[in-house]
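Hey, can you work out the whole structure from these sequences and the hints?
Number of protein chains: 2
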Amino acid sequence: MTRQFPSRPIPAIGVVVWKGDHVLLIQRGKPPRAGSWSLPGGAQKLGETVFEAAIREVTEETGIQIETLGLIDVIDSIDRDNDSIEYHYTLIDIGARWLSGTPLAADDAIDARWVALDDIGAFDLWSETERIIRLSAHLHGPCRNIPYT
Amino acid sequence: MTRQFPSRPIPAIGVVVWKGDHVLLIQRGKPPRAGSWSLPGGAQKLGETVFEAAIREVTEETGIQIETLGLIDVIDSIDRDNDSIEYHYTLIDIGARWLSGTPLAADDAIDARWVALDDIGAFDLWSETERIIRLSAHLHGPCRNIPYT
Chain L
1 MTRQFPSRPI PAIGVVVWKG DHVLLIQRGK PPRAGSWSLP GGAQKLGETV
51 FEAAIREVTE ETGIQIETLG LIDVIDSIDR DNDSIEYHYT LIDIGARWLS
101 GTPLAADDAI DARWVALDDI GAFDLWSETE RIIRLSAHLH GPCRNIPYT
Chain Y
1 MTRQFPSRPI PAIGVVVWKG DHVLLIQRGK PPRAGSWSLP GGAQKLGETV
51 FEAAIREVTE ETGIQIETLG LIDVIDSIDR DNDSIEYHYT LIDIGARWLS
101 GTPLAADDAI DARWVALDDI GAFDLWSETE RIIRLSAHLH GPCRNIPYT
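Listed in order, the protein sequences are those of chains L and Y.
Mapping the first sequence onto the numbering used here, position 29 (from 1) lands on 29, and the numbers just tick up by one.
Mapping the second sequence onto the numbering used here, position 87 (from 1) lands on 87, and the numbers just tick up by one.
Hints in this document: simulated from the structure, not taken from any laboratory.
Please note that the accuracy of each hint is not assured.
Pairwise CB distance ranges, derived in the manner of DEER restraints [unchecked claim]:
hint	chain 1	residue 1	chain 2	residue 2	range
1	L	Gly63	Y	Lys45	35 to 43 Å
2	L	Gly101	Y	Ser84	17 to 25 Å
3	Y	Ala106	L	Lys30	40 to 48 Å
Some chain L residues close to chain Y (C-beta under 8 Å, calculated; not the full set) [said to hold, decoys possible]:
hint	residue
4	Thr59
5	Asp76
6	Pro147
As a list, the in silico DSSO-like pairs of lysine-lysine whose alpha-carbon atoms are at most 30 Å apart [what the hints assert, rightly or not]:
hint	chain 1	residue 1	chain 2	residue 2
7	Y	Lys45	Y	Lys30
8	L	Lys45	Y	Lys45
9	Y	Lys45	L	Lys30
10	Y	Lys30	L	Lys45
The beta carbon of each residue, even a glycine, is placed where N, CA and C say it ideally should be.
Spelled out as structure tokens, the structure:
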């Protein structure tokens with residue numbers, strides 16, 4: 001099954017990796033939204049769990065090692081081309097924390113950097129990505145003792 | 001892409017529907033786990049969100065109308081046949097509440113009934129299904145004012 005014009009939604013993972021109050025952002029190298037900043041992640045492979053996929057994708061795209069902390073949310077990313085569905089990813093967002101390594105962009109990412117939570121507004125993120133990062137900050141990140149409102 | 005021996009994990013929905021302290025269970029008509037009791041649900045279709053899929057699947061399998069309340073958890077259901085992956089569903093579990101209608105089994109379900117939360121132990125559910133129902137009871141159901149432990 002192809003990623004473009006698929007026959008079913010494709011399960012994919014987005015990972016919010018925390019290092020203190022900084023979150024890992026990558027610049028996307030391919031569609032949808034090529035060139036824009038986003039979370040590391042990608043399509044889940046047959047036989048791997050969503051948590052295994054999260055660890056593999058972050059290592060492939062940035063070289064760092066992480067530990068997963070839990071589920072954040074699930075979002076449907078649906079892009080239409082006239083009457084057809086060009087892309088449909090069922091995005092499973094997972095919170096994680098940095099264990100070791102310095103981010104170096106590789107694979108589908110063309111840049112990777114730690115960004116302070118207060119500075120994510122400068123990266124023109126998809127509104128859903130920004131919501132997921134802020135929710136994760138409360139569930140697993142630097143704001144975990146502050147209720148999410 | 002076929003459901004058996006797929007090339008990627010298939011996103012599918014499980015729905016915990018509450019009517020007071022009763023939860024909707026269905027008896028499965030097809031694999032995996034044909035004949036066993038489970039949650040209503042099924043594969044997500046291209047172009048529909050996970051919440052739209054939850055509403056459609058419950059109506060198709062039982063005829064009732066529901067309102068979705070939120071995400072419960074995500075589980076990988078992976079069945080191996082020797083060295084191959086026979087089934088891999090990325091199961092997105094969603095909480096909901098009954099709006100109208102009397103459950104009548106249809107489509108992939110061969111029976112459907114309301115079961116009191118205290119009685120679900122008699123239905124030999126998959127351990128993960130039972131965990132999801134108990135978690136949903138705390139998130140969206142009759143135990144929502146009692147912390148989940």
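The hints, checked one at a time:
{"no.": "1", "hint": "L:Gly63 with Y:Lys45: 35 to 43 Å", "in the structure": "holds, 37 Å"}
{"no.": "2", "hint": "L:Gly101 with Y:Ser84: 17 to 25 Å", "in the structure": "violated, 34 Å"}
{"no.": "3", "hint": "Y:Ala106 with L:Lys30: 40 to 48 Å", "in the structure": "holds, 42 Å"}
{"no.": "4", "hint": "Thr59", "in the structure": "violated, 19 Å"}
{"no.": "5", "hint": "Asp76", "in the structure": "holds, 4 Å"}
{"no.": "6", "hint": "Pro147", "in the structure": "violated, 14 Å"}
{"no.": "7", "hint": "Y:Lys45 with Y:Lys30", "in the structure": "holds, 18 Å"}
{"no.": "8", "hint": "L:Lys45 with Y:Lys45", "in the structure": "holds, 19 Å"}
{"no.": "9", "hint": "Y:Lys45 with L:Lys30", "in the structure": "holds, 24 Å"}
{"no.": "10", "hint": "Y:Lys30 with L:Lys45", "in the structure": "holds, 24 Å"}
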